[in-house]
Every structure is written in C-alpha cells, then in structure tokens.
Amino acid sequence: MILSTSLFRRLAATFAVLGSMVCLPAANAHPHVWAQFKVSVAIDAKGAPTLQEEWTFDEGFTGMLMGDVRPKGDLKKQLNNKEVAQLKKDAFDNLANFNYFNHLRTTRGPLNANPATDFKARLQGNQLVYSFSLTIKDALDLRKEMLEVGLWDESYYVAMDPESENAIQVNAAALKCKTNTFLDKKSPIMYGMIFPAVTRIVCS
Amino acid sequence: MYSSFPVSRHPLAVAQWLLLCLSLFALLALTSPPVHAVDYFGRSDKPAPDASAPAKVVEQPQAQLAVIPEPIRSWLQASIRYQLELNASIRHELELSKGKGHWAPGMAIILLSFLYGVLHALGPGHGKVVVGSYFLTQRARISHGLLMSGWAALVQSLSAIVLVSVFAAVLHFSAHQLLNQAATLETVSYVAIAVYGMVILRRLSKGLDSCGHDHSKDGAQSSPIAPHRHQPHKASDGTPHRFRYKAMTSPELPEPNKGHTGRSMFMAGTAVGLRPCAGAIVVLLFCLANEIYPVGIIATLAMGVGVAITVSTVSLGMLGVRKLITRGSSDTQRAIRAGRIASYTGAIVITLFGLLQAALLLTGLVTPIAA
Chain E
1 MILSTSLFRR LAATFAVLGS MVCLPAANAH PHVWAQFKVS VAIDAKGAPT
51 LQEEWTFDEG FTGMLMGDVR PKGDLKKQLN NKEVAQLKKD AFDNLANFNY
101 FNHLRTTRGP LNANPATDFK ARLQGNQLVY SFSLTIKDAL DLRKEMLEVG
151 LWDESYYVAM DPESENAIQV NAAALKCKTN TFLDKKSPIM YGMIFPAVTR
201 IVCS
Chain Y
1001 MYSSFPVSRH PLAVAQWLLL CLSLFALLAL TSPPVHAVDY FGRSDKPAPD
1051 ASAPAKVVEQ PQAQLAVIPE PIRSWLQASI RYQLELNASI RHELELSKGK
1101 GHWAPGMAII LLSFLYGVLH ALGPGHGKVV VGSYFLTQRA RISHGLLMSG
1151 WAALVQSLSA IVLVSVFAAV LHFSAHQLLN QAATLETVSY VAIAVYGMVI
1201 LRRLSKGLDS CGHDHSKDGA QSSPIAPHRH QPHKASDGTP HRFRYKAMTS
1251 PELPEPNKGH TGRSMFMAGT AVGLRPCAGA IVVLLFCLAN EIYPVGIIAT
1301 LAMGVGVAIT VSTVSLGMLG VRKLITRGSS DTQRAIRAGR IASYTGAIVI
1351 TLFGLLQAAL LLTGLVTPIA A
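For the record, the sequence lines run as chains E and Y. Going left to right, the first sequence walks through residues 1 to 204 as my numbering numbers them. Going left to right, the second sequence walks through residues 1001 to 1371 as my numbering numbers them.
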C-alpha cells in the first residue's frame, strides 16, 4: 500500500475541496446588468396570451448604452425614432435568440416566443426603459391548459428582478383566471444563489 | 549545454517568454476582429431567428450540479441586492462629482467602489478558482496568498483601465466593440492560466516548489536541472521537522528562493487578472461619457482593492483548509508523497481549467465575458 488510510483521507479531502471549486466557474457570471420587469399577460377569448413587457435598466447600463447612441451619453432629452431603432437593432433584436429571457412553460414543456413587436424605448430619469409585446409561437389555449411565466437570464449576466410581488399580472376580460407566484427551485441560478420567481396562470 | 539560452537558467524563464508572447498575442487580438462576438447582454451575437420557421423546443436551462446551502445562499443573494444599491449610489455620487471640485462625492465614490468590489468578487470569477486551487494544493505562505490576490486584482483593474483608455478614449470604440475586445482578452487570460499550470508542473517535475523552497542551492544532486529524489527535511540537529509555516522561516532551513516566488506571483496574477471585469468597464465608460474619467480610474482601482480583499480571504481560507488537512501528519516519505500528489493534482487542475475554458470560448460553447 503506497499511502496510509490517514493520508488517503487527507488527499481525498483536498481533492473534494478542489473539485467543488472547479465546478463553480460553470455557474457563469455575477450580474453586470440589472433590469426590473413587469409583465401584463393579456388573454383573448380563445385563450391565446400576449405578453406586454416593460424592462427598466440600471443607471450604469443605461449610461453605457446611451454612450453608444448619442455623444457623451446625454440623458437630458428623450430618444428620437432613429435612436430607438438603433437600440432595437444593436441592443434588443439579438435577444430573440434567447426568448427575450422569457421562460414560458405548460405541462407539455417549454414554449417559444415570436419575435417581439411594438418595441419602444424611453428614458425615465437616468434609466432606460424598454417596452414590447410577445406572442407565443406554439399553439396554446389557456382555457385548456395552464401557463407558467418567468423572466431570468440563466447565465446571470443580467439580473432580471420583478418590479414588485405582482410584477406579472393577468388581463383577461373573457376568462376567469387565477395566478400563483412561487420560487422555482428546479431552476437554480448561480448554483442556487438565486431561485427565479415564476407565475402560474390557470384559466377557465 | 543550455547556457546560451535564458530558458536553461531558470524554468520560470520559459514562462516569462511565453507570457511575453501571449502579451503580444493579446495586442494583436485586440487590433483584429473578435473571434466570438457578444452583445450588450453578454450573449453570443447571432442572426435573428426566422419568424416563419416552425417552433422548435426551447432549451431547458441546464440543471446545476449543486445548490449552495443556507444560510450562505441567503447571504450571497443579499450581497447581489446590495451590489445593485451600491451601483445606484455610485452613479448618484458620480453625477454629483460632475464639474465640481468637492471632495465629499470623490471620497464617497472610493468607499462605495471598494465595497462594491468586495461584494462583486463574492460571485464566480476574479481568479478565485486558480488562486484557491494553488493555495489548497501547493505549499505556500500567507504573504504569498495576499500578494497573489492583490496583484491579480491590480492587474484586472489596470487591464480594464488600459482597455477603456486606449480603445474607447483614444480610438473611440463603442461599448459594444469594447466588450468584444474584452472577450478576446478573456480567452488570452485562460491560455495564460494553462501556461502557468504547466510551469508549476515543470517545477514540480524538477523537484522544486512542493516543499515551499527549492533545492537549487543544496548541491549538484538536487539542482533545478537534475531531477532528484526528495528527502525529508531535517533540522540542524538531524531530527526531521514538521512542515509548519513558522518553521519555514527558521534559520536552519534553506532560504526560500524569493526570486522564484516573486516571479511566480507575478505570472499567476498577470494570467488571472488579464481578463478585465465587465463591471469596471461599465463604470469607466460611464465616467468617460460624463467627462469625469479620472474619477472612474480611481473608482476602478478602489474596486480592485475590494476584489483583492475577497480573493485574499479565499486564498487564506484555502491555506487554512490545507493546514487543517495536513495537520499532524508526520514527516515521512509517505507524507511527502501525499503532498506531492496534491501539488501535482493542483497544477494539473489549473492547467486543465485554463485549457478547457479557452477551448470552450474558442469553440463558442461558452460565451465570453459572461463566464
């Protein structure tokens, strides 16, 4: 026997700590961008939802983006159409590849969103605000099945925070719907440092 | 036979040359189009999806290997909340400092940036894996832990300052372009980390490092060039001594090679810190746009001090873990063998970590700057 049991245990303990450290980098980034969101889920008589979303970015990210949009990143005057178009092209459209950080699920599994429509951007003090609408690409009838809605970036480069406890609200005149918001412990971010909030919508 | 080439004089000279080459590579990389483009949200830039294409199943977020236990999870979560608040406070103070000579906002910015750095480095990144692995598996002193962590944080701050100063302030790159150049530096940093791991391996294979001092002055048998069998150390009275940090400074032991240590710390810190922190870049760009760039530089350096405190804590913690694990081990050939196995494993882990991360970045499997 090359190593005694005691030494073997010491080495095993060393490797266990080492292994747990090496696993950590896969947890991706700490946040560099913060965005507060609110979502209004409009449901029509046929049970098809449209998500109207509003994201408010932190001052630092706003300053960095605006520095690329206009000289010296001036925040005093509102965005014009050309600047909004530039923001859409450079700092929004690519998110279509990542479902705009929307995690939409039914009992059948995850759902895809169509490319966003009605994109608008405005300055609110020193903060940039995006608003847009999303429809769901997959066939969905909320009269027959539930929908879960959550917004998070699983890499956590962007910290998506709900604006309030009721950040996801339902607007369904033709249907009777109930919502239930909970922390999704099956989708931990940063090794469970964060559990994203998910709202389940059940209509009849 | 090696005297004509500097590499022969010292194994670390190899790494110095390699690091020089990598620095040149970094310069070249910075002036060429990035291999892997990222957007403002740290995501790969891709062509927009085809709206008319049939829906395909969205990828489920990957289940993570472990969940941080309570109450650490709550503390870390709170640290992220505080970061947001500090971030907003820093912006507010930066706004106040615009065009005014008041010292109060400046002092507040330094303090807030320092606190932000402490909290920001609690998350993954900032070289904690490399520095922690090194101090867990290699024999080192407390001062080494502090030096390496501090140097790595300083290099990381300087890296961000140089990047923004040259590319944004002088060459007028956009933030989008700058983030892509930072992503290139990230890849270079991982390659440098792999090279550093290889250097540790080479030193171990030459019978150096695993005992905290080298044997290059012990005699011909244990010279850096000729591999030697490592014998238990003996004190002046001939009795074997235990490996303790205090003991390593006692007069009867061979003098630690300060040149080796200094160069080693320099290399490790440079490799780890080459990758600039996106948080520092955002602050610098904000200050540049608001014509308060010197304040941004001071804030970045203060942030670096905060990062150094957190990374130092990790490295000291790992030194403590190593001390606990090896406590009471007798100075036998078996104990030395176990120590050497741990040292080799640590060096291999650092090498593979650097290679794997670089490969993942180059193949596009991992998005730069988000890692």
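In case anyone wonders, no lab produced these hints; they're calculated from the structure. Each residue gets a CB set at the ideal place from its N, CA and C atoms; glycine is no exception. Treat the hints with care, since some could be wrong.
Think about it this way: if two alpha-carbon atoms lie no more than 30 Å apart in a straight line, the pair counts; the simulated DSS-like pairs of lysine-lysine are [to be verified]: (1) 72(E) with 1098(Y); (2) 1206(Y) with 88(E); (3) 38(E) with 1046(Y).
Short derived list, chain E residues pointing at chain Y, Cβ under 7 Å [said to hold, decoys possible]: (4) 36; (5) 67; (6) 100; (7) 158.
From the derived model, a few chain Y residues whose C-beta atoms are all more than 10 Å from chain E [to be verified]: (8) 1107; (9) 1114; (10) 1123; (11) 1206; (12) 1302.
Each hint, compared with the structure:
no., hint, result
1, 72(E) with 1098(Y), "holds (13 Å)"
2, 1206(Y) with 88(E), "violated (58 Å)"
3, 38(E) with 1046(Y), "holds (26 Å)"
4, 36, "violated (10 Å)"
5, 67, "holds (4 Å)"
6, 100, "violated (10 Å)"
7, 158, "holds (5 Å)"
8, 1107, "holds (20 Å)"
9, 1114, "holds (17 Å)"
10, 1123, "violated (3 Å)"
11, 1206, "holds (22 Å)"
12, 1302, "holds (16 Å)"
Checked against the numbered hints above, the structure breaks hints 2, 4, 6, 10 and satisfies the rest.
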